Amino acid sequence: ETGVTQTPRHLVMGMTNKKSLKCEQHLGHNAMYWYKQSAKKPLELMFVYNFKEQTENNSVPSRFSPECPNSSHLFLHLHTLQPEDSALYLCASSQDRDFYEQYFGPGTRLTVT
Amino acid sequence: AQKVTQAQTEISVVEKEDVTLDCVYETRDTTYYLFWYKQPPSGELVFLIRRNSFDEQNEISGRYSWNFQKSTSSFNFTITASQVVDSAVYFCALSERNAGNMLTFGGGTRLMVKP
Numbered sequence: 001e002t003g004v005t006q007t008p009r010h011l012v013m014g015m016t017n018k019k020s021l022k023c024e025q026h027l028g029h030n031a032m033y034w035y036k037q038s039a040k041k042p043l044e045l046m047f048v049y050n051f052k053e054q055t056e057n058n059s060v061p062s063r064f065s066p067e068c069p070n071s072s073h074l075f076l077h078l079h080t081l082q083p084e085d086s087a088l089y090l091c092a093s094s095q096d097r098d099f100y101e102q103y104f105g106p107g108t109r110l111t112v113t
Numbered sequence: 001a002q003k004v005t006q007a008q009t010e011i012s013v014v015e016k017e018d019v020t021l022d023c024v025y026e027t028r029d030t031t032y033y034l035f036w037y038k039q040p041p042s043g044e045l046v047f048l049i050r051r052n053s054f055d056e057q058n059e060i061s062g063r064y065s066w067n068f069q070k071s072t073s074s075f076n077f078t079i080t081a082s083q084v085v086d087s088a089v090y091f092c093a094l095s096e097r098n099a100g101n102m103l104t105f106g107g108g109t110r111l112m113v114k115p
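Respectively, the protein sequence lines represent chains G and H.
Per our numbering, the first sequence starts with residue 1, numbered consecutively.
Per our numbering, the second sequence starts with residue 1, numbered consecutively.
A few of these clues could be false.
Unchecked claim - Simulated restraints on C-beta separations:
#1 85/H with 53/G: 31 to 41 Å
#2 99/H with 62/G: 23 to 33 Å
#3 40/G with 12/H: 31 to 41 Å
#4 42/H with 84/G: 19 to 29 Å
#5 54/H with 96/G: 18 to 28 Å
No lab work stands behind these hints, which were simulated from the structure alone.
The model shown is predicted, which means the values in this text are computed figures rather than measured ones.
Note that the Cβ used here is the ideal one computed from N, Cα and C, for glycine as well.
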């Protein structure tokens, strides 16, 4: 089974919609991450969860709301997004947040119309 | 100032050529890690290597090799005898203890290997 999976792979939503991105890791890791990758910008860390507790919120607007019900699952709830939020959203996991390499999922390509 | 700089935004080579991707980092931490990731067109970042700041020994893995030099704050990546399947965007990243061990990525280098 692939280590980190993300669904959906592609999502088109209007600015008034509410949707959720899902990430699942099968690696037994304790830390999970959300990143945003926009065209011509470095990867931006959004949120970090370590042992289900949020440890980082990198000044992300409140229209993005993460949820981590257990160490294997991570969600990103989206509501009233803006067109500039269109990007590739990548989920990653690592043993814990202490220097270990992160393993990434394939990402969700989000388009906000 | 950028903490991780990949000055080459795009490189194009012909198959079987050797190619080196440059990475320069900036940190005041004495304890840090450096990483390389590959992002093929499918989008998923694939972990390639992790090096800690106390180990400057170069590493070779098949056609891949890495040259870590603290004196120049560089962690360069060489692909020997490149293949079309090596075409991807390659990211260098830094993790510092004083920054909560979070990964800071460079801007990436797009490598195109032509047959």
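Hint check:
Take residue 85/H and residue 53/G: their Cβ atoms lie about 40 Å apart, and the range 31 to 41 Å holds. Taking the beta carbon of each, residue 99/H and residue 62/G are about 24 Å apart, inside 23 to 33 Å as hinted. Between residue 40/G and residue 12/H the beta carbon distance is about 19 Å. The supplied range of 31 to 41 Å is therefore violated. Separated by about 24 Å at the C-beta atoms, residue 42/H and residue 84/G satisfy the suggested range of 19 to 29 Å.
Roughly 20 Å separates the CB atoms of residue 54/H and residue 96/G, a value that falls within the hinted 18 to 28 Å.
Violated hint for the displayed structure: number 3, the only one.
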